[in-house]
Amino acid sequence: MSRGAPGAVESPVDAVSPSATGGHARPSRARPARSPRAVVAPADDRQAAFYTLDHGSATLAGALVGQVDGRWRLLAATALPTGSNPEALIALLARRLESVDPSRAEMVGGWPASGPPVSADVPRLVARSRPAATLAVIAATDRTRTRLEEAAAEAGWNVVAGSAERTDPLELTRLATRPGVVAMLVGVADPPGADERELATELSVAAAGIAARRPGLRVLLAGPVPDEPLLALRHAPAIERLPAPPSAPGELAASPLRDALAAARGGPADSRRALAAAAGSLARVLGLRVEILEIGVSGAARVLASPGPADDGGTRASVRLVEVPDAGLFRMDRAGAIDRIDHWFTQGVDRARLRDRLSELAIAPWSDLDGDGALLRAAALRGALERLLSSTDAELGSAGVDLLVGAGGAWSAVPGPAATHIVADVVRRPGTVQVAIDHARLLGPIGTIEDDAERDAVLADLAPDLLLPVGTIVTPRGLRPNRPAGQLVLETAGGRSEIDLVAGGLTLVDLPPGARGTAELAFRGTPELGTRGRHFRVAVSGGLAGLLLDLRDIPLRLPERPDRRRELLGTWERALWPERDS
Amino acid sequence: MTDTLDLVPARTFIVERPRIRLELQPGDRVIAAVGDEVHVGDVLAERIRDARLVEVVTPRDGADQGIPLPGTWLPGEHARPGRHPGAPAGELLFEHRGRRRLATGPHPDRLLAPGDGRILEVEPGVALVLEVQGPGLAATELLGEPHSGRLVVLPEDSDPRLALDVALAGAVVVLPGRVDAEALARARAMGIHGAIVGSLAERDRRDLVAAAARQQAGLHRLAPFGVLVVGGYLRRAFPAAVQSVLEAAAGSLVGLVGDPPLLLLPEDLALPVPLPDRVVVRGGPETGLEGRWLGLGGLRRVRSGITAETGLVWLDDGRTVAIPIGELERFAVHAANG
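In order, the protein sequence lines correspond to chains A and B.
Note that this note's numbering has the first sequence beginning at 1, numbered continuously upward.
Note that this note's numbering has the second sequence beginning at 1, numbered continuously upward.
Simulated from the structure, these hints should not be mistaken for laboratory data.
Since we're looking at a predicted model, the values are computed, not measured.
Where a beta carbon is used, it is the ideal one built from N, C-alpha and C, also for glycine.
Among the hints, a few may not be true.
[What the hints assert, rightly or not] On the chain A side, residues computed to face chain B include the following (Cβ under 7 Å):
1) LEU74
2) PRO86
3) GLU165
4) THR167
5) LEU170
6) GLY180
7) ALA206
8) ASP350
9) ALA352
10) ARG355
11) ILE363
12) SER497
13) GLU498
14) TRP572
15) GLU579
[Stated by the list, open to error] Computed footprint of chain B on chain A, listed as stretches where at least three residues anywhere in the stretch have a Cβ under 8 Å from a Cβ of chain B:
16) 210-217
17) 384-395
[As the list claims (entries may be wrong)] Using C-beta positions, here's what the derived DEER-type ranges look like:
18) ARG537(A) <-> THR140(B): 35 to 41 Å
19) GLY295(B) <-> LEU231(A): 56 to 62 Å
20) GLY295(B) <-> ALA236(A): 52 to 58 Å
21) ASP312(A) <-> THR287(B): 23 to 29 Å
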């Protein structure tokens, strides 16, 4: 690890700025009208304000947003463990604003500086992350079962599955009636294959047999599954018809079935679905390709949003969301998951103890915040990110983006600079990317605003407040390790600095949040940084970690021996997380 | 005005008149009916062992009294003698194109009521819901099977290898000290009905589950056995509030159930109630200590550099410390009916 220090930089105008990879044609930056209807202006002379609440599986996050000089600003935010009383959290936010700015508190909340906060009539935007519920998938053939299973898993369900072709009716009944199963998806392809036609009717009758045992079980039918046997039941279940499974594996990118399953699981206030809407707004408002990596205790999601010109001359955004329940922070049910956490953990601990500690954290995610508990969380976050990316790369690809946003409770449990290091370790893509954290967990609640224009207006104002810039990562690929790699010249408004680069490590350059500059990279070889070349000029912006030049291999190669690996990881971790040893 | 104590997550401690689910398998024969008042030890269902699927021809009209619904237990004589002599008794899964699929097999096991209560629902082959008359002490997991017995609290410093003997057969024992799979296997072998532990490591849980699976597969099974885990995976003592309830219930007939995980207590038991501002530390350097909530401690940076909301706690050892709220919990005195 080497560290450079440029001269002083001037204060930024925008905390979030395009961190160009150079040469991309960008749509014009949208500036929508600022009149969100979702947040009703008070009838009296108070200034408009609203609270946000994000009910996560482990974390209850709240924020107070108000208008200051005609713009929406984040006035207060905090997070507590789930189980805390939301009203108490709201009162805490109100009191906190009152203590630091009594006049603002009075203007926004209408409560007197000396009296109790009156928060009941301030509007609220609420998002909830739904714990991944279990869906029993029953298909006619194994081929269809695989497709249904993939679609359901990507829609955020935990899945148990069987097919009439391979599983006997007794086992199918057991599978669909096991504890925790809240819904049953019965499906055949459309048009059904020759082998499915005969099985479809029997499948429907078997499903009716299961539904008769479990009154209240939601029944989802995909494809031409007859519903007569289900409707003939004395307490007929509510049947939801969904699109048929795609005709071939790999066609799930725009699968209407997956979207329908996601809707069936979460509802409009589901925070992961709301993230997709918020990502679209960010892409439109900032004119950037945005990727959100949301990691929570109950699951994870990856959202990609890209802006483009709309037919009406404005900006539109294409948004893709994939949920991965088993990329939850402490999930260890995928083979090898615990090995990967052990791989990243910089403290030596035996496997049984590691498993117990992770299981304990799954029960009480907020416990053991300090000491090596924080390091364990960071290792678990790396493991979860790996699972998320490996599960979604086939669908979403691994192309670079301009802005990568960490969302969800997992990112709150590590300091900002350490978050940059985690991203650099796991997201191994050549290019330049700015990293930010949704530190106040505003994206989910704001994503619940249904109208795009309203949401864009709120986010246009709030983006500098809600995105905590933690750093810019520059990652070239193709450098020869442990050799002089070239030179970096960083020019900012306050000065110019030159730093020699050595391949194989991390180089950290101080660049505070809000600062912007231009990095000229002159390499001895011809590495890839978006494109191949010797000389690159990229725009960079600052963050809590500053500018991180990641000159390590892509993919990252670490020593096989655990002690050496821990030592090396620990060296990097210490540089970006000095408090880890305190 | 909301009290700042509400910022501390409340852990369900006592559930009044809980509704518990007792799991069934397709083919189990339910004996109890909805509305029945049952007492601890009553037979609720006969459990199938090694259920198998059979396919039989649907009898002609009139052989059945009406059209049976899926989940109905069909006696062997539903097929007329001589016409389908091989048709066994079994539970109807479904009927399709003149053929019935039945789950059938021998029923050597019994599902016994773990507490006094009333049957609320019967979902054939799925679950039986019982509203229990007495309160339940909340736990995190039941490993094994629901059961009941007289509660015996072993001393903190007792060695389970010495303390667990046949004199405790039929009891539910509280093991406050270090517990491993060997101690639990010994308890089971001694005829003890169940154990209550503060925590259990993953390795011991796996051993226990594997042992239970072997028992399930065995021809001659041992009696049901359940282990109720009150905490998590890392070794911790029982919180004082839990310990005082266990001591108050010592000698009483109690039940262990897994959905939700509860220790079923006698209806007439006088429950010691913790003070509302009592909090327990469940992480960090003060893990396991208890004290009184004094109020908010503000946003503070903890050792690892993470900023967290803290609360001021007057610990029982006399110190007043600021502890992240996430590392605190308090006990909800009585939760809603579960």
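For each hint, the structure was consulted:
1. Restraint check, LEU74(A) versus chain B: the minimum CB separation of about 15 Å is more than 7 Å; hint violated.
2. With 7 Å as the threshold, the beta carbon of PRO86(A) stays out of range of chain B, its nearest partner Cβ sitting at about 9 Å, so the hint is violated.
3. Among the interface hints, the one on GLU165(A) is violated; its C-beta lies about 15 Å from the nearest C-beta in chain B, farther than the 7 Å criterion.
4. Taking 7 Å as the C-beta contact cut-off toward chain B, the hint placing THR167(A) at the interface is violated, the least distance being around 11 Å.
5. A hinted interface residue such as LEU170(A) counts as satisfied when its beta carbon comes closer than 7 Å to some beta carbon of chain B; here the least separation is about 4 Å, so the hint holds.
6. The closest approach between the C-beta of GLY180(A) and any C-beta of chain B is roughly 10 Å, which is over the 7 Å cut-off, so the hint fails.
7. The beta carbon of ALA206(A) is positioned within 7 Å of a beta carbon in chain B (closest approach about 5 Å), and the interface hint is therefore held.
8. Hint status for ASP350(A): violated, given a least beta-carbon distance of 10 Å to chain B, over 7 Å.
9. For ALA352(A), the interface hint holds, since its Cβ comes within 7 Å of a Cβ in chain B; the closest pair sits about 5 Å apart.
10. A least Cβ separation of about 5 Å between ARG355(A) and chain B falls short of the 7 Å threshold, and the interface hint therefore holds.
11. The closest approach between the C-beta of ILE363(A) and any C-beta of chain B is roughly 5 Å, which is under the 7 Å cut-off, so the hint is satisfied.
12. Interface hint at SER497(A): violated, since its Cβ lies 26 Å from the closest Cβ of chain B, which is beyond the 7 Å cut-off.
13. The beta carbon of GLU498(A) comes no nearer than 31 Å to any beta carbon in chain B, farther than 7 Å, and the hint placing it at the interface is violated.
14. Hint status for TRP572(A) relative to chain B: violated, with the closest Cβ pair at about 16 Å, above 7 Å.
15. Interface restraint check: GLU579(A) against chain B, minimum CB-CB distance 3 Å, threshold 7 Å, status holds.
16. Counting residues of the stretch 210-217 of chain A whose C-beta lies closer than 8 Å to any C-beta of chain B gives 5; at least three are required, and the coverage claim holds.
17. A count of 0 residues in the stretch 384-395 of chain A with a Cβ less than 8 Å from any Cβ of chain B is obtained; the coverage claim is therefore unmet, three being the minimum.
18. The supplied range of 35 to 41 Å is broken by ARG537(A) and THR140(B), whose beta-carbon atoms lie about 57 Å from each other.
19. Distance hint for GLY295(B) and LEU231(A): a CB-CB separation of about 59 Å, consistent with the stated range 56 to 62 Å.
20. Between GLY295(B) and ALA236(A) the beta carbons are some 55 Å apart, a value that agrees with the proposed interval 52 to 58 Å.
21. Roughly 59 Å separates the CB atoms of ASP312(A) and THR287(B), a value that falls outside the hinted 23 to 29 Å.
Going down the numbered hints, you'll see the structure goes against 1, 2, 3, 4, 6, 8, 12, 13, 14, 17, 18, 21, while the others check out.
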